[in-house]
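Listed below are the residues making up each chain.
Number of protein chains: 2
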Amino acid sequence: MRTIEWKNGVVVTIDQTLLPEKEVWMEIRSCREMAEAIREMKIRGAPLIGAAAAYGLALTAYYSEARSREAFLEEIERSAEILEATRPTAVNLFWAIKRILNRVKNAEGDVEALKSAVIEEANRIANEDAEVNRKIGEYGSKLISDGDTILTYCNAGRLATVDYGTALAIIRVAWEEGKRIKVIVTETRPKLQGARLTAYELMRDGIPVTLITDNMVGYVMYRGLVNKVIVGADRVVRDAIVNKIGTYTIAVLAHKHKIPFYVAAPLSSFDINSFARDVIIEERSPEEVTYIGSIRIAPVGVNVLNPAFDVTPMKYVDAIICEKGILTKGDLKKMIKKAGDK
Amino acid sequence: MRTIEWKNGVVVTIDQTLLPEKEVWMEIRSCREMAEAIREMKIRGAPLIGAAAAYGLALTAYYSEARSREAFLEEIERSAEILEATRPTAVNLFWAIKRILNRVKNAEGDVEALKSAVIEEANRIANEDAEVNRKIGEYGSKLISDGDTILTYCNAGRLATVDYGTALAIIRVAWEEGKRIKVIVTETRPKLQGARLTAYELMRDGIPVTLITDNMVGYVMYRGLVNKVIVGADRVVRDAIVNKIGTYTIAVLAHKHKIPFYVAAPLSSFDINSFARDVIIEERSPEEVTYIGSIRIAPVGVNVLNPAFDVTPMKYVDAIICEKGILTKGDLKKMIKKAGDK
Numbered sequence: 001m002r003t004i005e006w007k008n009g010v011v012v013t014i015d016q017t018l019l020p021e022k023e024v025w026m027e028i029r030s031c032r033e034m035a036e037a038i039r040e041m042k043i044r045g046a047p048l049i050g051a052a053a054a055y056g057l058a059l060t061a062y063y064s065e066a067r068s069r070e071a072f073l074e075e076i077e078r079s080a081e082i083l084e085a086t087r088p089t090a091v092n093l094f095w096a097i098k099r100i101l102n103r104v105k106n107a108e109g110d111v112e113a114l115k116s117a118v119i120e121e122a123n124r125i126a127n128e129d130a131e132v133n134r135k136i137g138e139y140g141s142k143l144i145s146d147g148d149t150i151l152t153y154c155n156a157g158r159l160a161t162v163d164y165g166t167a168l169a170i171i172r173v174a175w176e177e178g179k180r181i182k183v184i185v186t187e188t189r190p191k192l193q194g195a196r197l198t199a200y201e202l203m204r205d206g207i208p209v210t211l212i213t214d215n216m217v218g219y220v221m222y223r224g225l226v227n228k229v230i231v232g233a234d235r236v237v238r239d240a241i242v243n244k245i246g247t248y249t250i251a252v253l254a255h256k257h258k259i260p261f262y263v264a265a266p267l268s269s270f271d272i273n274s275f276a277r278d279v280i281i282e283e284r285s286p287e288e289v290t291y292i293g294s295i296r297i298a299p300v301g302v303n304v305l306n307p308a309f310d311v312t313p314m315k316y317v318d319a320i321i322c323e324k325g326i327l328t329k330g331d332l333k334k335m336i337k338k339a340g341d342k
Numbered sequence: 001m002r003t004i005e006w007k008n009g010v011v012v013t014i015d016q017t018l019l020p021e022k023e024v025w026m027e028i029r030s031c032r033e034m035a036e037a038i039r040e041m042k043i044r045g046a047p048l049i050g051a052a053a054a055y056g057l058a059l060t061a062y063y064s065e066a067r068s069r070e071a072f073l074e075e076i077e078r079s080a081e082i083l084e085a086t087r088p089t090a091v092n093l094f095w096a097i098k099r100i101l102n103r104v105k106n107a108e109g110d111v112e113a114l115k116s117a118v119i120e121e122a123n124r125i126a127n128e129d130a131e132v133n134r135k136i137g138e139y140g141s142k143l144i145s146d147g148d149t150i151l152t153y154c155n156a157g158r159l160a161t162v163d164y165g166t167a168l169a170i171i172r173v174a175w176e177e178g179k180r181i182k183v184i185v186t187e188t189r190p191k192l193q194g195a196r197l198t199a200y201e202l203m204r205d206g207i208p209v210t211l212i213t214d215n216m217v218g219y220v221m222y223r224g225l226v227n228k229v230i231v232g233a234d235r236v237v238r239d240a241i242v243n244k245i246g247t248y249t250i251a252v253l254a255h256k257h258k259i260p261f262y263v264a265a266p267l268s269s270f271d272i273n274s275f276a277r278d279v280i281i282e283e284r285s286p287e288e289v290t291y292i293g294s295i296r297i298a299p300v301g302v303n304v305l306n307p308a309f310d311v312t313p314m315k316y317v318d319a320i321i322c323e324k325g326i327l328t329k330g331d332l333k334k335m336i337k338k339a340g341d342k
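Protein chains in written order, with this note's numbering: chain V, 1 to 342; chain D, 1 to 342.
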């Protein structure tokens, strides 16, 4: 079962806020419901958010009662705006919406033909994500040796994508190839995606995993318990990667301990015409920090910072693994030069 | 009110596991109860553990029915063993117990005289701790400038000591002197002493404090939001400081961002005849990581690392503030040389 599926006007996906206690599959039937699920992080992970946004537009298309091309396109654009307002940092959201809008604006025929175009393109985005991740896994596995202990962060797994995952696709392929690897995952405060989602995914696949708190990263590196780091990315800009808050801390520690730091990200996360300074870092609610479930863990009224992401300068990144292969620092420079030439 | 007080056969102290929701003062009436409270971290913080252990022996003395000097000393030594088995890393525990044992063994007179000696010495240890911390605050405040934002970690505050705190004593004195400072505290997983205790203490004193999760330390330093770090220490050895797990991660990040990293610790935490390699790092239960209160935050059966402390090599420490003044790297070298000469 994929993390997200289209079933004739119903999108079926897992409510990630309830894991690992409960595995609840939600049925989403409108674009507004989809936007709400993304905002509340029931659906999260940059590639999955892209596919979910595409399916959000597919739901609008499916249930549209528009009679004219203009009315239909207006409805789709209104839905696109609602989706775009959910989470500002991950680029896949905007990428997927743009792709659907381009497709439908260029499609010919009546409203029914346009509806089909939207739904077809959404399905294509989801299918491609699964294929892309499989390729990321296959390329990335070349970087993994028998006996490695890999530190990963947050959830760049099946649950962050349509299937396989990005960072976890690499770990899965290496494992399937018979490499005896171990994984350390840090819990990833405040929303605990590492503890709740990554540990859960890896345990289900039988891959050895050890959970630590985020502040133990220095300790495990100092003790020599880690020899590679692989994380995902919400956005790859020209001079940095943007990923879950805490990624930068891990990157600095990896650099200091001479541990390779790899980023797994599909090209749909690339935005190499932008710079780190252009990225809006989403600030989320203080209650994510001060409560765990219904338990308050800090004094009432305490001031809180809660940025959802941070920026890791490219100098800390040893390679980026995408569906085209392993991009070294040199490859990235070439890619940027080429983009700049356009 | 001090964090711990002796009231004729009853030790009164706050149950720190219930803060900040409830401020519950416990009455402890036996050494076994005291040992249990230390093990369960109802009483925590290296200097406070020292005073609590001393009072544990005072309780044994107070209620002793021994008729002979030998029987009394045997009882005290048995209590000392129980206390020593609670938490292996902080040195103040052993220091305080040793001090009481030395005093009582050298005391003259009958059992009543020995009882008085134990209780008197325990009270002296507690009084000295309060005085020592006040001095740490006064010396350390010289390092703080108007407008500073200071990052602190875990709880090196009043609740970790008999009064004032160590790192927080410095912050308190600087604030009392009228320096307009701000504090950032990280929540300190797994037991959340930063969120639960430090934020609570500072808010009560009206000192501006912002809470972050542990993985945001890199982010706030990268953004230039911090210009000094002050932490406590559970043990100062010749080549390192031993403190709450996560301290090393902060020290590496501070070093990378050229932010001074200060350690506040009374001389009772110094153990400069030992090296980092000699220190036993307490491994605590996995449930501290996988549960918050009654809420499970990770899959059942997941493998967990939970070291309570880590080791920060002395090269990351810019100065140690103790009751004798500010010890620079040069002062520490001299102190070590002197110790080595003995």
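If you're looking for bench data, these hints aren't it; they were derived computationally from the structure. Quantities reported herein were computed from a predicted structural model and do not represent experimental measurements. Be careful, since some hints might not be right.
Any copy will do: because identical chains look the same in the list, a pair fits if it lies in one copy or spans two.
[As the list claims (entries may be wrong)] With a straight-line Cα cutoff of 30 Å, these simulated DSS-like cross-link-like pairs (lysine-lysine) come out:
id : residue 1 : residue 2
1  : K258      : K315
2  : K315      : K135
3  : K105      : K338
4  : K338      : K315
5  : K7        : K329
Okay, the hints, checked on the actual structure:
no., hint, in the structure
1, K258 / K315, "both (13 Å within a copy, 18 Å between copies)"
2, K315 / K135, "within (25 Å within a copy, 44 Å between copies)"
3, K105 / K338, "within (28 Å within a copy, 81 Å between copies)"
4, K338 / K315, "within (20 Å within a copy, 44 Å between copies)"
5, K7 / K329, "neither (42 Å within a copy, 67 Å between copies)"
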